[in-house]
Structures are given as C-alpha cells and as structure tokens.
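Just so you know, the sequences run in chain order A and B. The numbering of the first sequence is this note's numbering, which starts it at 1 and goes up by one. The numbering of the second sequence is this note's numbering, which starts it at 1 and goes up by one.
Hints listed in this document are in silico derivations from the structure and should not be mistaken for laboratory results. Ideal placement from N, C-alpha and C gives every residue a C-beta, glycine not left out. It is possible that some hints are incorrect.
[What the hints assert, rightly or not] Here chain A is said to cover these stretches of chain B; the calculated rule only asks that three of the stretch's residues, wherever they fall, bring their Cβ under 8 Å from a Cβ of chain A:
| # | region |
| --- | --- |
| 1 | 39-49 |
| 2 | 101-114 |
[Claimed, not checked] From chain B, some residues computed to sit far from chain A (all C-beta separations above 10 Å):
| # | residue |
| --- | --- |
| 3 | 12 |
| 4 | 17 |
| 5 | 19 |
| 6 | 34 |
| 7 | 54 |
| 8 | 56 |
| 9 | 66 |
| 10 | 71 |
| 11 | 92 |
| 12 | 96 |
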Amino acid sequence: DAGVIQSPRHEVTEMGQEVTLRCKPISGHNSLFWYRQTMMRGLELLIYFNNNVPIDDSGMPEDRFSAKMPNASFSTLKIQPSEPRDSAVYFCASKQTSGNTEAFFGQGTRLTVV
Amino acid sequence: AQSVTQLGSHVSVSEGALVLLRCNYSSSVPPYLFWYVQYPNQGLQLLLKYTSAATLVKGINGFEAEFKKSETSFHLTKPSAHMSDAAEYFCAVSPPWGSYIPTFGRGTSLIVHP
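Please model the entire structure based on the sequences and the hints provided.
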C-alpha cells in the first residue's frame with residue numbers, strides 16, 4: 001500500500017479564497033482523522049470519521065472549516081473563506097478502528113494564506 | 001478523559017549519549033500508548049507502541065520505552081544517540097475501547113550535537 005496520500009503538499013492562497021485539501025486513506029482503514037499542526041498549538045485534532053461518518057468534529061475551529069468523507073477512499077477538508085491564521089500544516093491520518101492499532105499519517109499539506 | 005504531558009519541549013544530547021524523552025499520561029483506565037517520530041517536512045511515523053503485553057517495548061532504530069503504571073509514565077530511551085535521531089518525538093495515548101481517538105502530546109524536539 002502507498003500509505004496515506006495527501007494533496008497538495010503545498011498550497012499558497014490569498015486571504016478570502018477557498019482551499020480544499022484532499023486525503024486518500026489506507027485501504028481497509030475505517031477511521032480517518034484530520035489534524036492541524038502549528039508551533040503555537042502543536043498537533044490538534046480537527047475531525048474524526050468512522051466508517052465515513054463524522055463522529056467528533058469538536059476540534060473544527062469555526063464554520064469556515066468543513067470536512068467530508070463521501071466514500072471509504074477519499075476525504076476533503078475545506079476552508080472557506082481562508083484567513084492568514086489558518087496557515088499551518090494539515091495532516092490526514094487513518095487507522096483500523098481498534099485501540100491497539102496505530103494511526104498512519106500522510107505527508108501533510110503546508111498551507112500558507114497571505 | 002485522557003491527556004499526555006511531555007516534559008521538555010527541547011532535549012539536547014551529544015552523539016553517543018543516552019537519550020531520555022519523558023511522557024506522562026492521564027487516563028481513567030489503562031490506555032494504549034504510542035511514540036511517534038516526525039522528521040522535517042514529513043508526517044508522523046510509529047516508533048513503538050504499548051498494548052498491555054510486555055511493559056518494556058522495543059521499537060525501531062534502537063528505541064525502547066517502559067510502561068510504568070504506578071508512575072503513569074511511558075518514557076522513551078535510546079542508549080546511544082546518533083545524529084540521524086534528531087527529530088520531533090510525540091507521545092500519544094488511546095483508550096482501550098470506545099472511540100479509540102489518539103491524543104497527542106505537544107512533542108519534544110531532540111537535538112543531537114556532534
């Protein structure tokens with residue numbers, strides 16, 4: 001398996017624009033997570049899907065953020081409109097739904113909003 | 001509720017010296033515990049995990065960690081540091097049932113001096 005695949009790796013956009021980040025989890029993994037990493041706040045969980053259903057979105061910062069998982073092999077995180085404070089590295093991770101299994105992370109998308 | 005505390009945002013060692021990265025957890029039930037490593041511009045990858053079998057866990061690249069229930073700790077060690085060990089290290093805790101959502105610590109940056 002190629003692992004968790006995220007695209008794009010880098011995104012530079014202007015404030016107010018819509019940004020869409022994409023993730024393909026590992027086949028057979030039924031849990032998917034979106035994290036945001038910044039120097040100030042570390043690694044924050046944004047949203048958790050299980051079997052394509054959003055289970056916990058309490059970490060989504062505000063209504064400008066939305067996430068979908070239309071099927072088991074694809075998820076998106078959308079920011080509309082984007083703001084400079086959204087600049088961060090966004091990671092997607094997937095795992096099997098079992099406590100003793102580890103999460104596998106993608107390479108991340110570095111988002112810069114100018 | 002569960003949480004993880006990593007003592008020391010930065011740890012500096014000389015090449016060949018012992019590496020000790022500290023992790024303490026808080027959980028109402030015995031959790032599963034993980035250590036991940038993040039190299040620059042990469043996602044997190046698993047070093048090792050504790051899943052209620054042996055309390056001393058060996059991982060990749062010569063790292064190991066010991067689960068101490070009485071101290072609620074899961075410290076990461078390596079007898080002799082290499083320059084290639086310089087990276088960010090994250091401790092994570094996951095409940096043994098329910099959502100299995102992993103909670104990550106703030107991370108410790110390991111600096112290795114020649």
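Now for the hints, and whether the structure bears them out:
With 7 residues having a Cβ less than 8 Å from any Cβ of chain A, the region 39-49 of chain B passes the three-residue criterion, so the hint holds. Here the region 101-114 of chain B counts 7 residues with a CB under 8 Å from a CB of chain A, which clears the bar of 3, and the coverage holds. Here residue 12(B) stays apart from chain A, with its beta-carbon at least about 18 Å from theirs, past the 10 Å limit. For residue 17(B), the non-interface assignment is confirmed: its Cβ lies about 26 Å from the closest Cβ of chain A, beyond the 10 Å cut-off.
Every beta carbon of chain A lies more than 10 Å from that of residue 19(B), the smallest distance being close to 21 Å; the non-interface claim holds. A Cβ of chain A approaches the Cβ of residue 34(B) within 10 Å, the least distance being about 6 Å, so the stated non-interface status is violated. With a least beta-carbon separation of about 13 Å from chain A, residue 54(B) lies farther than 10 Å from that chain, consistent with its non-interface assignment. Non-interface call for residue 56(B) relative to chain A: holds, since the shortest CB-CB distance, roughly 17 Å, exceeds 10 Å.
Every beta carbon of chain A lies more than 10 Å from that of residue 66(B), the smallest distance being close to 18 Å; the non-interface claim holds. With a cut of 10 Å on Cβ distances, residue 71(B) stays outside the contact zone with chain A, its closest approach being about 21 Å. The Cβ of residue 92(B) does not lie farther than 10 Å from every Cβ of chain A; its closest approach is about 8 Å, which violates its non-interface assignment. The Cβ of residue 96(B) sits about 5 Å from the closest Cβ of chain A, inside the 10 Å cut-off, so the non-interface label is violated.
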